[in-house]
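For reference, the chains in residue letters:
2 protein chains.
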Amino acid sequence: MTIQKKDLGASVLATEYAVRGPIVARAQELEKQGREIIYCNIGNPQSLGQRPITWLRQILALCEYPALMDLAPGAFPADVVEAARAILEGSQHGMGAYSESKGLRFIREAVADFIRERDGISVDPEAISLTDGASKGVQTILKLLLASPADGIMIPIPQYPLYSATITLYEGRIVPYYLDEADHWKLNRSMLDDSLRAACAQGTRVKAICVINPGNPTGAVLDEQNIAMVLDFAREHGLSVLADEVYQEDIYLPGDTFVSFARVLDAKRMRDVSLFSFHSCSKGFLGECGVRGGYFEYRNVPDDVAEQILKLLSVCLCSNLPGQVATYAMVHPPKSGDPSYELYNREKTSILEEMKTRAVLLAEGLNKIDGISCNPIAGAMYAFPRITLPAGVTDEEYCMALLEETGICVVPGSGFGQAAGTAHFRTTILPPTQKLRQVVEMLGAFHEGYVLVKH
Amino acid sequence: MTIQKKDLGASVLATEYAVRGPIVARAQELEKQGREIIYCNIGNPQSLGQRPITWLRQILALCEYPALMDLAPGAFPADVVEAARAILEGSQHGMGAYSESKGLRFIREAVADFIRERDGISVDPEAISLTDGASKGVQTILKLLLASPADGIMIPIPQYPLYSATITLYEGRIVPYYLDEADHWKLNRSMLDDSLRAACAQGTRVKAICVINPGNPTGAVLDEQNIAMVLDFAREHGLSVLADEVYQEDIYLPGDTFVSFARVLDAKRMRDVSLFSFHSCSKGFLGECGVRGGYFEYRNVPDDVAEQILKLLSVCLCSNLPGQVATYAMVHPPKSGDPSYELYNREKTSILEEMKTRAVLLAEGLNKIDGISCNPIAGAMYAFPRITLPAGVTDEEYCMALLEETGICVVPGSGFGQAAGTAHFRTTILPPTQKLRQVVEMLGAFHEGYVLVKH
Numbered sequence: 021m022t023i024q025k026k027d028l029g030a031s032v033l034a035t036e037y038a039v040r041g042p043i044v045a046r047a048q049e050l051e052k053q054g055r056e057i058i059y060c061n062i063g064n065p066q067s068l069g070q071r072p073i074t075w076l077r078q079i080l081a082l083c084e085y086p087a088l089m090d091l092a093p094g095a096f097p098a099d100v101v102e103a104a105r106a107i108l109e110g111s112q113h114g115m116g117a118y119s120e121s122k123g124l125r126f127i128r129e130a131v132a133d134f135i136r137e138r139d140g141i142s143v144d145p146e147a148i149s150l151t152d153g154a155s156k157g158v159q160t161i162l163k164l165l166l167a168s169p170a171d172g173i174m175i176p177i178p179q180y181p182l183y184s185a186t187i188t189l190y191e192g193r194i195v196p197y198y199l200d201e202a203d204h205w206k207l208n209r210s211m212l213d214d215s216l217r218a219a220c221a222q223g224t225r226v227k228a229i230c231v232i233n234p235g236n237p238t239g240a241v242l243d244e245q246n247i248a249m250v251l252d253f254a255r256e257h258g259l260s261v262l263a264d265e266v267y268q269e270d271i272y273l274p275g276d277t278f279v280s281f282a283r284v285l286d287a288k289r290m291r292d293v294s295l296f297s298f299h300s301c302s303k304g305f306l307g308e309c310g311v312r313g314g315y316f317e318y319r320n321v322p323d324d325v326a327e328q329i330l331k332l333l334s335v336c337l338c339s340n341l342p343g344q345v346a347t348y349a350m351v352h353p354p355k356s357g358d359p360s361y362e363l364y365n366r367e368k369t370s371i372l373e374e375m376k377t378r379a380v381l382l383a384e385g386l387n388k389i390d391g392i393s394c395n396p397i398a399g400a401m402y403a404f405p406r407i408t409l410p411a412g413v414t415d416e417e418y419c420m421a422l423l424e425e426t427g428i429c430v431v432p433g434s435g436f437g438q439a440a441g442t443a444h445f446r447t448t449i450l451p452p453t454q455k456l457r458q459v460v461e462m463l464g465a466f467h468e469g470y471v472l473v474k475h
Numbered sequence: 021m022t023i024q025k026k027d028l029g030a031s032v033l034a035t036e037y038a039v040r041g042p043i044v045a046r047a048q049e050l051e052k053q054g055r056e057i058i059y060c061n062i063g064n065p066q067s068l069g070q071r072p073i074t075w076l077r078q079i080l081a082l083c084e085y086p087a088l089m090d091l092a093p094g095a096f097p098a099d100v101v102e103a104a105r106a107i108l109e110g111s112q113h114g115m116g117a118y119s120e121s122k123g124l125r126f127i128r129e130a131v132a133d134f135i136r137e138r139d140g141i142s143v144d145p146e147a148i149s150l151t152d153g154a155s156k157g158v159q160t161i162l163k164l165l166l167a168s169p170a171d172g173i174m175i176p177i178p179q180y181p182l183y184s185a186t187i188t189l190y191e192g193r194i195v196p197y198y199l200d201e202a203d204h205w206k207l208n209r210s211m212l213d214d215s216l217r218a219a220c221a222q223g224t225r226v227k228a229i230c231v232i233n234p235g236n237p238t239g240a241v242l243d244e245q246n247i248a249m250v251l252d253f254a255r256e257h258g259l260s261v262l263a264d265e266v267y268q269e270d271i272y273l274p275g276d277t278f279v280s281f282a283r284v285l286d287a288k289r290m291r292d293v294s295l296f297s298f299h300s301c302s303k304g305f306l307g308e309c310g311v312r313g314g315y316f317e318y319r320n321v322p323d324d325v326a327e328q329i330l331k332l333l334s335v336c337l338c339s340n341l342p343g344q345v346a347t348y349a350m351v352h353p354p355k356s357g358d359p360s361y362e363l364y365n366r367e368k369t370s371i372l373e374e375m376k377t378r379a380v381l382l383a384e385g386l387n388k389i390d391g392i393s394c395n396p397i398a399g400a401m402y403a404f405p406r407i408t409l410p411a412g413v414t415d416e417e418y419c420m421a422l423l424e425e426t427g428i429c430v431v432p433g434s435g436f437g438q439a440a441g442t443a444h445f446r447t448t449i450l451p452p453t454q455k456l457r458q459v460v461e462m463l464g465a466f467h468e469g470y471v472l473v474k475h
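Those sequence lines, one after another, are chains R and F.
Take 21 as the starting number for the first sequence in my numbering and just add one per residue.
Take 21 as the starting number for the second sequence in my numbering and just add one per residue.
Heads up, some of the hints might be wrong.
Just so you know, same-sequence chains aren't split out, so a pair can sit in one copy or run between any two.
Stated by the list, open to error - Cross-link-like lysine-lysine pairs, in silico, DSS-like; alpha carbons within 30 Å at most:
| id | residue 1 | residue 2 |
| --- | --- | --- |
| 1 | LYS26 | LYS368 |
| 2 | LYS355 | LYS368 |
| 3 | LYS331 | LYS26 |
| 4 | LYS368 | LYS206 |
| 5 | LYS52 | LYS331 |
| 6 | LYS455 | LYS25 |
| 7 | LYS355 | LYS26 |
| 8 | LYS355 | LYS376 |
| 9 | LYS368 | LYS474 |
| 10 | LYS455 | LYS388 |
| 11 | LYS388 | LYS474 |
| 12 | LYS288 | LYS25 |
| 13 | LYS52 | LYS368 |
| 14 | LYS388 | LYS25 |
| 15 | LYS474 | LYS331 |
| 16 | LYS26 | LYS288 |
Read the hints as simulated data drawn from the structure, not as lab findings.
Here chain R stands alone, though its shape is the one from the complex (with noise of 0.2 Å):
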């Protein structure tokens, strides 16, 4: 045939994306043979039976088809409907036409307005731009920024591989900062300069620096000085910053609160540092994963650059308009007295408490488990549990023998990153309350089984 493996590049043979790799394959191989399967490897949550949010659906169901504001007049509440026509008004031509190639302007109008109200500081709409989730919008700005094969980029270990896989596909450099797990998987300058360094040796030339906030996988949260610490590091040393911020509602710690990377950025007056910020539909409360929804928002980025950023864009036209319309519904909730609000807020809190509850669940489960240890899950929707494993053993070979034996589906530590000389693995606290805690159970059972006879 013409094409052969042997012929493909290098970047995309060594790129990895574990989230979705072998040990999800074989799940599925088990789960068409009859068996049950736990899947507790994606943030997916609607896959595990969480129920979309009502007025995100009614919005979309009237954008798509808005003969039913005549044909069923009595299903939509009167707030979805004026938003529904807000959105096609401002859209022009409805949900069939490409938009802008950064999205709706009156869609980026909104999402000004949201980070606006969340953060009290001013935002220009032509700065936002909609991608199809967040992750779109990741690949472009590593895209711009990894101009040669020496450039790198700072990630976080452990991270989400989407970032280790772009900068590999893309030809770049990964640069490594290690998170402290000892301290509640936080960051530290002197974690941070250690890996500048480390790079700077290696004749890699840094361009930027990503935070994902709050940590997935690690279920961390930064608070103020944390981020001004980042940056001011930042600044220091000519990097631009990349936050994801998608997990931003997802915060279980009384006394936790989300502080945006913008809002430092505006607190500090920097207007040196070039920050890139991002956000989902996919994750929060909503955990509308299939619609593809989501934005950035740059600061402090030249004209001339912006430019180059929309030709990017551009190349694929625009980002899907569901996801478009996805991302008004988040950035621009039902108000309290409005016909949609209290349905909204019982469905809202019902599921930020459900996770909450899971949160405390899964970490204290898995610390009770005698080898393994977690840290407090205090936001995003995971877990990262250190586990001891018997000597000679891998992660990869654990979690395959922990989906063998009792059907749970979890992702090693290798696909994030670890500190050398220690395994861990990434579990979701997706499944219903009660599955979980079988989850837990089963876990704690093979763990001492497994050891047992490894030894």
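Got chain R sorted already, so can you dock chain F onto it with the hints?
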């Protein structure tokens, strides 16, 4: 600022995408100032008043908000309800979950049925991937093929600039082959041979040939012999084939039919040439550009390469679910006798008849203008007329002047490529018929005046 244009990669800076370039930017500026602009720059039918197909929108609305089945039972024909139910059941988790990386199996099976029925050949649903429009599929396969800076891809001149932009972005070499303007923009073997010979002389390792059929921007429709010739050429030189077939529904001349590359490959029992075929919801009579739905199918691709394709798709998880559902609606239309059939057929026929009328009107009108000549528009949505310009005038200048004087927005031929010493522009056939008549008249008056003044 930490990001500067001077630090960006040469490939990013060199990328061009004329369909949304400076002339369109100027048009948007003029529009903001209150000028009426006739957008003929982009194949975006619903932005010019084309109505969506009800069948597709009803299915999308029901899938987004299935409660409508009970809330508004009278609003949806039985076959729409049945289709939506089948999709929701086939998806297992509805529209809110990530699907498999290559898209929902249930929808891939429907695509396989569609190809099987269209071409009378056997089809493997596992060889089909659902993508965000055809563009993302094309980019994935180009990334796969371009392994080193010496790798080249043959693309037609004129071409759709997705190809040149993506090859530049991924640091491959564009290997142009010229379409024969004197023979209705058909391909011919000697022009392919010339192109390959020139590339080899420059040390380029040619990996594949792209063909756009029906042609964008040329409007040409290839017949079976033409396609067989390309496949023979590919086999002789060990090339893979990318067949961009997004305009397969847009065929206007009596006697012409769409012939797919897959069908000819199968008829020739070719087992060695790797073929990638692309389709989209954005074109045809659907014109659903906003939903970003599409698919590609491959043939004669080894399993270990298929694994790499799947891995590349998995990095961004999956294409958007509304786009997947729109693809289902495209490949699974109502059948004669079904409740939705009559309306569907009426909408479809009326759009295609309109397009046919405009294709004739536009080509004839352009040919009546002294100094403009245009091949018959046999397919797709565009004319690519040749224009005689005064010495020293570029087609960019011409198009900009046309915009300033008339408000007509077209794209200069240089954005698509053209033989040295010739000048063209691309215009769509999408403005409503009455408006298109006006476009032709204004073009005639403008051209005459422009040539006089510049001489």
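If the cut is 30 Å between Cα atoms, do LYS355 and LYS26 qualify within a copy, between copies, both or neither? neither (58 Å within a copy, 46 Å between copies)
Could you figure out if LYS355 and LYS376 sit no more than 30 Å apart (CA to CA) within one copy, between two copies, both or neither? Answer is within: at 24 Å inside a copy they meet the 30 Å cutoff, but 50 Å across does not.
Can you tell me if LYS52 and LYS331 fall within 30 Å by alpha carbon in one copy, between copies, both or neither? Between copies, since 21 Å is at most 30 Å while 44 Å is not.
Can you tell me if LYS368 and LYS206 fall within 30 Å by alpha carbon in one copy, between copies, both or neither? Within one copy, since 28 Å is at most 30 Å while 58 Å is not.
Should LYS455 paired with LYS25 be assigned to within, between, both, or neither, using CA atoms and 30 Å as the limit? Neither: 42 Å inside a chain and 52 Å across chains, both beyond 30 Å.
How would you classify LYS288 and LYS25 at a CA-CA limit of 30 Å: within, between, both, or neither? between (51 Å within a copy, 25 Å between copies)
LYS26 and LYS288: within-copy, between-copy, both or neither at 30 Å Cα: between (51 Å within a copy, 27 Å between copies)
Please sort LYS26 with LYS368 into within, between, both or neither, judging by C-alpha distance up to 30 Å. neither (50 Å within a copy, 46 Å between copies)
As a check of your reading, is LYS52 near LYS368 (CA-CA no more than 30 Å) within one copy, between copies, both or neither? This pair counts as neither: shortest intra-copy Cα distance 34 Å, inter-copy 40 Å.
Should LYS388 paired with LYS25 be assigned to within, between, both, or neither, using CA atoms and 30 Å as the limit? neither (46 Å within a copy, 53 Å between copies)
If the cut is 30 Å between Cα atoms, do LYS368 and LYS474 qualify within a copy, between copies, both or neither? neither (45 Å within a copy, 66 Å between copies)
From the Cα coordinates, with 30 Å as the cut-off, is the pair LYS331 and LYS26 best called within, between, both, or neither? Between copies, since 16 Å is at most 30 Å while 33 Å is not.
In summary, the numbered hints that this structure violates are 1, 6, 7, 9, 13, 14 and 15.
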